[in-house]
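Participant: Residues per chain, in single letters:
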Amino acid sequence: MTENVSTAGAVKAPSAPAKAGKGATVGIVVSAIVAAIGIALWMVQLSGGMVQTAMRNLDSWGLYITMFMFFVGLSAGGLIISSVPKAFGIKGFGGISKVAVMTSIAATVAAIGFVVVDLGQPLRVWELFAYSNLGSPLMWDIIVLMVYLILSCVYLWAQVGNEKGKVTHAALRVISVVALVCAVLVHSVTAWIFGLQQSHEMWHTALLAPWFVSSALVCGTGLVMCAAVALRAAGYLKWDQSDLVKLAKLLAVFLLVDLYFFGCDLLTEGFPAASGMAVVDMLVSGPLAPFFWGEIILSAVAVVLCVVPQLRTTPLMVVAGICAIAAIFCKRAQLLVGGFQIPNVDLPAVMTPFTVTNWEGNMAQAYAGMVYWPTPLELGIALGVVGLAFLVFFLGLKLLPLKPAEQE
Amino acid sequence: MTHYGMAIDMQRCVGCNACTIACKSTNNVPEGVFWTRVHTDGGDVPDVPRETAGGLYMNYITIGCQHCENPACVKVCPVGATYRDEATGIVRQDYDKCIGCRMCMAACPYTGVRSFNWEEPKYAMDFATGDIDVPKHEKHVVEKCTFCYQRIAKGEVPACMELCPARARHWGDLDDPESDVSKALAGREYAQLLPEMGTKPSVYYLV
Amino acid sequence: MKVEIREGKVVRTSAAVLEEQDNADQRRICVKGLTQPQRVYDPDRIKYPMRRVEGTERGAGQWERISWDDALDEVASKMKETFDNYGPSSVAMWNSFACTGLVNGSGKGSVSYGRFLSRTGATILGPGADYAQMYLFYGALTLIFGNAGTDVPNANTIFVWGASPTDAYVQDWQFVCRAREGGTKLITIDPQFTAAAAKSDMYVAIRPGTDGAMMLAMANYIIDNGLMNETYMKTVSISPFLIKEDGQYIHLSEAGVAPVEVTNPLTGEPMLVDPYMVWDNATGTWSAPDAATDPALDGSYEVNGIKVRTVFDLTKEKIKEYTTAKAAEICDVPQETIEELARIYATEGPVYIHTNQGLGHHVNSHHNYKNLVLLASLTGNVGVPGGSLGHASLGFRSFPYNPAPMAAGDAQNLDICGMYLPEIMETKKWGDQPLDIQFLWMANGNMLCNESGRVELIEAVKKVPFVVCADCTMTDTASYADIVLPVPHAFEVEDIASLPFVPYFPYQPRLIEPLYECRTDFAILNELANRMGMTDLYDKTEEEYLHEMLDTEANVANGASYDDLKEKMLVRLYDTSAVPEVDASFVIMPTGRLTYYMDNPFPRNFRGQEIAEFEHYPYYTHANESYWENPLREKYPLFGLGQHEKYHVHSQLAMTPWLREIEPEPMLKINSKDAEARGISQGDYVRAYNDHGSVVLRAKVTPGIKEGVVSIPHGWNASQYKEGHAQDLTNRFMNDFCSNSAFYDFLCEVEKY
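Protein chains in written order, with our numbering: chain L, 1 to 408; chain D, 409 to 615; chain Z, 616 to 1368.
Pulled out of the complex, with its shape left as it was, chain L reads as follows (with noise of 0.2 Å):
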């Protein structure tokens, strides 16, 4: 049995309701409209051709595959916070367990999303269990993130089939253990769609699934406290500030190792002055720079505001979960569009508007800036797919008993 700990002079509130009300309603209708408006944008990106997105040959990906990553990591992060405690069979934090699963099923949809999205031919989506190449990083990805999103169901069914004396606690256990070997697998693999491609120097690093897993940690972490804030604000659970507290001292850890891993990176990159000095000049001076100085900057405000105690307020607790979501969004940014902002080969030759983004010039100022900004109709999309996940979000508080189970 958890204690309660409420704020001094608190009355305790009535019985909330199992399940969410009319905020989750609300929050179900607007994601809703949000996500059919994505979903128009996608028919109109298909019909009219992906041309109509910033992307080009020279940088095939963008916008969607950054937010794919992105969204893995809010989803494994969540999912790792949850599971750990239960794995090792210690204290949690204030039983907002099911709630971070609920989550991290939500960023499982959106990054499936985004990566369908992201697709010329979705439609051949089946040919992905036809024709698998199991040699693929990518289809590794596929397959985890399917069995992932499938055991995250099966958590939570175990989470409240427990609560309920359906499941016993060791099974509990073994599904929590499998759902956090799984949950880094899957950051890990997402790592590897990069981090094996001798193709781009930036991505060619052992530290990356590491490090997307650090990643992972920081943001899912930032996502499960604003979420529980949130809903606590809203009246749908009760939380204990402590168990805030805890989560905002684990931020503050994970942010470090996170930092610590980026340092790790810069310095190899570096220190040989050689081809990599590349890659930090264009983070720490050139196109991609903003994103460089917006992680460290965010980060640094996310640890101070996690670290020292009289700033561990809610509010600025909840800044500091968004400066770390912030903070590792701009770290997808850097990852994906550094890759293509460094070519391998940049002799001039011919220029195409299918060649690189900013094509009508010459090859020096097609990378002058950063070499590719999302167009409107990108980030409509990407915004419909964000409106899905919170669909699916609100959809499970509305109808799921996520609640803490002492609350109920």
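Worth flagging that the hints you see were computed from the coordinates, not collected in a lab.
No experiment lies behind these values; they were computed from the predicted model shown.
Heads up, some of the hints might be wrong.
Below, a list of computed lysine to aspartate or glutamate pairs in the DMTMM-like style, where the Cα atoms sit at most 25 Å apart [claimed, not checked]:
no.: 1; chain 1: Z; residue 1: Lys-617; chain 2: D; residue 2: Asp-534
no.: 2; chain 1: D; residue 1: Lys-530; chain 2: Z; residue 2: Glu-1280
no.: 3; chain 1: Z; residue 1: Lys-1367; chain 2: D; residue 2: Asp-452
no.: 4; chain 1: Z; residue 1: Lys-1337; chain 2: D; residue 2: Glu-439
no.: 5; chain 1: D; residue 1: Lys-562; chain 2: Z; residue 2: Glu-634
no.: 6; chain 1: Z; residue 1: Lys-1367; chain 2: L; residue 2: Glu-360
no.: 7; chain 1: D; residue 1: Lys-544; chain 2: Z; residue 2: Glu-1276
no.: 8; chain 1: Z; residue 1: Lys-624; chain 2: D; residue 2: Glu-564
no.: 9; chain 1: D; residue 1: Lys-530; chain 2: Z; residue 2: Glu-622
no.: 10; chain 1: Z; residue 1: Lys-624; chain 2: D; residue 2: Asp-541
no.: 11; chain 1: D; residue 1: Lys-530; chain 2: Z; residue 2: Asp-659
no.: 12; chain 1: Z; residue 1: Lys-800; chain 2: D; residue 2: Glu-597
no.: 13; chain 1: D; residue 1: Lys-544; chain 2: Z; residue 2: Asp-657
no.: 14; chain 1: Z; residue 1: Lys-617; chain 2: D; residue 2: Asp-541
no.: 15; chain 1: Z; residue 1: Lys-662; chain 2: D; residue 2: Asp-534
no.: 16; chain 1: D; residue 1: Lys-544; chain 2: Z; residue 2: Glu-619
no.: 17; chain 1: D; residue 1: Lys-544; chain 2: L; residue 2: Glu-360
no.: 18; chain 1: Z; residue 1: Lys-617; chain 2: D; residue 2: Glu-564
Covered stretches of chain D, as calculated for chain Z (at least 3 residues, CB under 8 Å) [to be verified]:
no.: 19; segment: 460-473
no.: 20; segment: 590-604
Built from N, CA and C at the ideal position, the CB exists for glycine as well.
Based on these hints, arrange chains D and Z on the given structure of chain L.
Facilitator: Structure of chains D and Z alone, referenced to chain L:
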């Protein structure tokens, strides 16, 4: 078992683009797409030199799919739409299988050799030019140099190899010492593009 | 060319596979040939006859479609009216070099126009382009084409001077490559760093229009440093021939030797021979050239009271002022470099100078060709293996044909360079004879795009009451016509070109039906002739004429009759001795010698002008506008240039989509320092302008062009420049001797647009 490869003589190439156009014409390549391109190693735009200590410098290099023996693209294609044909050594692309994920484009170290059809292929003319058995180009899939495998299968010459005005292009079975490409390589210094990537390209550049 | 057709459409062109012995050397194709499938269906093809909309300006582009009958009726009646009221010369037919078909070509060298011209006596307006080189090297001075490509590897050194074997005639480049692989040294002299320059062992960036000074300086260096090939000078070149004070050669008859009658080996007729004269050092007196054992190269003598001197003696005097120091200043090339070039040319031979028309695009640049011959004479670099002037592709072959069908009357035609049109329209005279052009027929060329002095030419065309243009695409020239008549693409017409560049009959079968409503020049002129009462003018069909021309005894005997060509399409020339590997065509000239001297320099277009004395001998003078000391340089400091682009054939293929993908628009080349000084960055739009006109286009900033020089590409139509036209900056001023279009002879300034 043949291993088709190319040798391009950089001492002779002057960037006339005959190979670019021969490919374009023979394979009915859509507007805005090029399977092989002439790159200028000189200044910041095509056909200009750069200043060096030894004077002005300008050279040309034609780059298309390198038909690697250890292709990075083949490894990562989730549906096997791009594959290496063991019988010829040619890296092929199955348009009908391609799901348009563009993983191959991210994996290939040779910037620009793979092209994605970002919209419905457009052509200046309302009929297909070139060979009749060239697979039809599709929207939203990846395409690249095919080594004109359909011409080789008929005993014909790849389009870009038919007639380089400078006689700078050679092709043939790299495993056959009597082939044109092997003879071109013999006794000449040659280099390859990005050998450190370990993809083992089948295209050689005679320097 | 192999042309593949599917369902009636041209789908692919490629290099035809020739007979085995020819494939290594003679198989050829380039981007221009490879893009012909699109060229056939170019978006700017004219589909049907059109008339300029009443009340609109010529050039405004307002057209209405008319039927062939209406078009032909109108053209025929206007033409007949003009002939009747103003006489034969009042109808002028203006062409350039677009088509060389024996049936559908241009001028007197084709059945369609030849018969018409020879019957009516209409005025011929010819091209200005390329005439500096053509006039001097194809007759006026000498006959020089160049050793065959297979001879190029025999050269020890190759100079690329006024030519572009990588861009303009890439089919020759493989021979230069072979030469280089065999150790030949390659030297490029060009204000622009071309692809040839990039592959050269030595690159000399010369100021445009000053090459002649460098040539004479090199000649002086060779003479002064004892590097002359005296034997060659004495036995092959014109140098020892004696000339009188009036510039004429002296003949033995003037020394009292009666001319001898011999039989002309070619005609079998008797003819009188009155040999030229040299001074024999061995005997101390005059003699016939072949009889002298040691002809004098220098010196003045007296023969029978007549003062004479050797051609070389005169030449040396006349070129003396061009020391290497002086040339260094004129050409902006270091003196040591000029001396090195001279030394190489004299001692590291045989030297093949790849040159073509690049040295002939300034007013007064025709002297360059005499100067080159002088250099070759001094060093023995023409008519020997590896030693040549010219370039391999011009190894004109010929094939036997009967030209009789090309004439159908003996009317005389004025043959004037078309660039004189403005002054003709102004004065209504040619020389001192009246010439009132009332009708203009433009075909086989895009004169209003490619000739220089475009602004003046357009004004002149506008003064002609009635203008017709027959062309396959809506060119700049066609835009200024009153009536436009569509002619077909070469693939749609059966014909045979007049000049084979490879050892095969240049037979051109009809591959596809003429597109749209196109009709051949032959068909059009036939219809016109009928309507004008000359119903007998074209008394046979095209096929019958082709039979008549091609079925010579020799052709028939050797399996190259018209029927043979039609059946087999690829028929090898049976007499390729017509073009030897080593070009010594100059021996055909009356003197039998390689000559840099003209005893009777006669202008291409004579209308009573004075012929300057310096036309006789090697000479240099600065260009008309584009020269260093021109006070105009205060306003317009930059030297102009154009170039023969690798993705065009002049203005053909200007709209062809595949080529436009590679090169979407014209770009002005400007040196990086000049660009920086003017605040121009890579890819900026710029305006180039001078007092004649202006043009707006993108800039290509490059260190690969000499500082102070800009190159504005020609061959683009007006609609392809953002504003204006490249040729608006040039002017019509022509050299009086060869009447050549001086495309490069302009100064300009460039500013950011």
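Participant: Which earlier hints turn out false for this structure, listed by number in ascending order?
Facilitator: Numbers 17 and 20, in rising order.
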